[in-house]
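Quick note, the sequences are listed as chains E and C, same order. Under our numbering, read the first sequence as residues 1 to 317, first letter to last. Under our numbering, read the second sequence as residues 1001 to 1258, first letter to last.
These are computed hints drawn from the structure, not numbers from a lab. A quick note: this is a predicted structure, and the numbers were derived from the prediction, not measured. From the three backbone atoms N, C-alpha and C, an ideal C-beta is built for every residue, glycine too. Possibly wrong hints are sitting among the right ones.
[Claimed, not checked] Among chain E residues calculated to face chain C with C-beta under 8 Å, some are:
| no. | residue |
| --- | --- |
| 1 | Ala-29 |
| 2 | Pro-31 |
| 3 | Ala-46 |
| 4 | Val-121 |
Okay, here's what each chain looks like letter by letter:
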Amino acid sequence: MQHSSATAAHRPFYARLGFQQALSGYLFAAPAILGMLFFTAAPVAASFYLSFTNYDIVSPPAFTGLQNYVKLATTDTLFRHSLTVTLYYSALSIPLSLVTAFLVAMLMNQKVRGIVVYRVVWYLPALVPVAANAALWRWMLNRDFGLINFPLIALGFAPPGWLVESSLTVPALVMVHLWGIGNSVLIYLAGLQGVPQHLYEAAEIDGSNWWHKFRHVTIPMMSAIIFFNLIMGIIGSFQVFTLAYVIFTPGGGTGTAGPENAALFYVFYLYRNAFQYFKMGYAAALAWVLFLIILALTILMFRFQNRWVYYEGGKPR
Amino acid sequence: MFLPFLWLISTSLKGPFEAYIFPPEWIPNPPHWENYPEVLTKLPFGLYVRNTLTITLAALVGQVVTASMCAYAFARLRFPGRDAIFGIKLATMMLPSAVTLIPVYILFKELRWINTFLPLTVPFWFGGGAFYIFLLRQFFLTIPMELEEAAIIDGASPFTIFTRIMVPLSRPAITVVTIFGFLQHWNDFLGPLIYLNTADKRTIAIGLAVMTAGLEWGRDMTHLVMAVSVIMIMPIIVIFFFAQRAFIQGVVLTGIKG
Chain E
1 MQHSSATAAH RPFYARLGFQ QALSGYLFAA PAILGMLFFT AAPVAASFYL
51 SFTNYDIVSP PAFTGLQNYV KLATTDTLFR HSLTVTLYYS ALSIPLSLVT
101 AFLVAMLMNQ KVRGIVVYRV VWYLPALVPV AANAALWRWM LNRDFGLINF
151 PLIALGFAPP GWLVESSLTV PALVMVHLWG IGNSVLIYLA GLQGVPQHLY
201 EAAEIDGSNW WHKFRHVTIP MMSAIIFFNL IMGIIGSFQV FTLAYVIFTP
251 GGGTGTAGPE NAALFYVFYL YRNAFQYFKM GYAAALAWVL FLIILALTIL
301 MFRFQNRWVY YEGGKPR
Chain C
1001 MFLPFLWLIS TSLKGPFEAY IFPPEWIPNP PHWENYPEVL TKLPFGLYVR
1051 NTLTITLAAL VGQVVTASMC AYAFARLRFP GRDAIFGIKL ATMMLPSAVT
1101 LIPVYILFKE LRWINTFLPL TVPFWFGGGA FYIFLLRQFF LTIPMELEEA
1151 AIIDGASPFT IFTRIMVPLS RPAITVVTIF GFLQHWNDFL GPLIYLNTAD
1201 KRTIAIGLAV MTAGLEWGRD MTHLVMAVSV IMIMPIIVIF FFAQRAFIQG
1251 VVLTGIKG
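Only chain C is shown next, with the shape it has when bound in the complex (with noise of 0.2 Å):
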């Protein structure tokens, strides 16, 4: 299990072409370690690691907070077809995405954002998802009224309530809710590959897609591409290793109830 991230970052240590001596050598000899600063400002990666900072975190704000406003507004707040509204919601989770693709496409082309951020990070600014809206629904659902019934008699508006109360109280369903949203636009593939079009728009995931293929920069590039996948896989395991017990309750939680 362990053994191709051994050979992933044995690899992205050679030299060119040491890739491809047979019997491969797994302690590279000496380590290439200038691969690492050759990949991001020799290569563009620099930039495309940028590039997918400035959308993940765009995505990721609008995602946190829109949810946390409607999934709070769907489990207290009481308004005339709530449970309906929420319904259907929840119901489009099991719509593929192919479906909705080709016109969101037309209509982001009609508002001429295609080959910018706009499309990939304006869309989760709009409830970021049903899934995390039901995630934090859920867990909304588990804070004791009392609280809020003794803020309403002090005379607290439902937008007190929320940040005051609401928010504080959900840090562990919020830390998931952001750990999934950082993963999803940092590994988002199809996304960039539609709307983005030029090569300095693009995100790592486009980037190390294009390098793979091999032919933008006309050589054998494999040990620079086991460098840019080591850099795309790092700071997940990083994220993975500082917040394992949230990660952990967040696939479960999902899995199961979901």
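Next up, chain E with everything else stripped away, as it sits in the complex (with noise of 0.2 Å):
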């Protein structure tokens, strides 16, 4: 809050330019006020009112009511299908991520010589972009031949098909998501180096073993930032499309997601009713019951935050 005492003091100073000044400042942030129009408010909008539609691209939309979410909310059992299998992934590998990274964020903050090379062999997974990523794995992941299943099949045990058995699919797409964890591991670490030593010095004064110090220093001083993963966390995993499609999908794009559509996430879902049915009405519905499930998430895991979250500075934001 710096920032708005130093203008407030200034103001003297460039209300004599003011008009002048607007005048640029609307034409510097222009592209910003008209994307907003073109890109989010319009389409908001528009995305709203299709999803009372029945609308194929080729013939006008037909308006249908509430018809659109009644459909989804009885009939579609592929709706429900591609809602559970979003919440079995986003159950597994939300906590699952969130404990990893900090456990590795914990090892990479030790003073050992030469721990900038480890940090970056774990940081480089989380480059690879998601369309190699997928490949990479798909091979990985081979049950006959790939790097994962091989130490299983030298010791001479029936190697798992982690990509042609349903119930396996979600927990190797977990797996592949654990890879590439670099980016919460870095602002893990860089939150576990903003605690500051004297806790721990104080803490050890006071008698403290390692589980204590980490229980009643570590955590509620990253609490913060575990938080701020979490929200992440939640975002990302309820928006997994890439990784999925480019694993599962035969060429031309069609067929089922995964064994058993065990794949089809909810977002994939979303895109087949839009770009492959060309059911666009339908699929602005479907995008906005995930805005509203993601907020209802959110608004939730706030609500709950005082219990756990501490602030070095008071309230919250």
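Please assemble the complex out of the two chains, which come individually in their own frames, going by the hints.
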């Protein structure tokens, strides 16, 4: 908030240039303002309207009232299935990546020689483009020739068919996701390096062991960052698309999404409705439901954060 | 952590069907370096790389220029409604892209822009995304006022201040935006998937996905898929090593303060 007091102090100086400055202000901000109108405000309104219509692009949209939403809630089993797949994936991947990334960050925070090399190695997978990641893991997870199953085959076990058995599909994708959590690790690491050393020293004087220090200093001081990664995890995992699409789509882009549609994520289903079945109205309704789900979960998390998130400066922003 | 990379490179140097030898050879003998020229010349991946670079460059220039302009306006110029507009712009980051996807697609279809690079580049000339505006604005706010005041007294216009003071002093932040923007366009999948539909317009990401699905060229190409993946990953790793500090600052800055 340093900024607002600084500009307030300078207001008389700027006031002299009032009109001209306001004009150049609008000119400089014009791309953002126009962009919001063209690519956000108008599309949001249009998508809201379309969600109450039947629209196949060729003929004009026909208003059908709540029909799309009723279909979602009652007869569309694939909608329910895709939501279940997405929830299952989120329930596995969010807690696992929160914990794994945190533990890795703790390890990377050690003062050991050559730690920078380890940090880079842990970070690199996060840089791999999702299309390349999918191609790589489709091969890594190959039942008979993939690297993942290699030790099992060598020991004489029957190799699990990660990409051919419907029960293993989501766990396999969670594994791929965990390989690329470098960004969360980096954010945790920055947080860990910001925890004031004197808190640990004080705890040591009070005779705390490592567990007490971890439980009563590290975790509370890091809770705001854990919270941030949690919210990002929710937003990200509800929108998984490319990974599943590239791994499980045979040529041409039709057919089932993975064995027994086990990789039919929510956005995957939305994409199919919009760009393969050309049910634009229905897809718009799906998009709004997705938005409401993410919004509801985020609000819920913000509600409960007082119970466990600690902010150094008192109340959250 | 590193094994998948070695496995990737190892497979990319194998000959046809050598990928399916068990137990796998880590160091292919002899290494098939010709896989790389093959995907770039016999398969159209040279073209796909050019397409991707064209899109990336055209979008990135717009993104960096307009995001810094807008960030400057929101950080320094006073005009009615400034903070409200900035607030709404930030709030749009919360909106899942799926919500605007369909109307924006219809808009581009009406403009007859489908199967051109325009839908993948032109929108980035409109501020380049709230995230980048936010990042640059935060940086501009840390630049001391005194320089601008001196310039204003000398009669400098906002445009002069922007190009002569703000931009030169913000090189680290502009580097971060450039790197992130490059990654965003180089990696983009959904955009090209929706807007480009003929083979000659494909980007690497789409070409790779088509090749992974394995039907178009009618033979097993696991080793070539891996070669393309290496080609797609390489530039990013190189950029990372050259701009490591800017990169990490960017992730951390946007992570914690974003």
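Consistency of the hints with the structure:
The criterion of a C-beta within 8 Å of any C-beta in chain C is met by E:Ala-29, whose closest approach is roughly 4 Å, and the hint holds. With a least beta-carbon distance of about 4 Å to chain C, the hint placing E:Pro-31 at the interface is held under the 8 Å criterion. A least Cβ separation of about 4 Å between E:Ala-46 and chain C falls short of the 8 Å threshold, and the interface hint therefore holds. The beta carbon of E:Val-121 comes within 5 Å of a beta carbon in chain C, closer than 8 Å, and the hint placing it at the interface holds.
Of the numbered hints given earlier, the model fails none.
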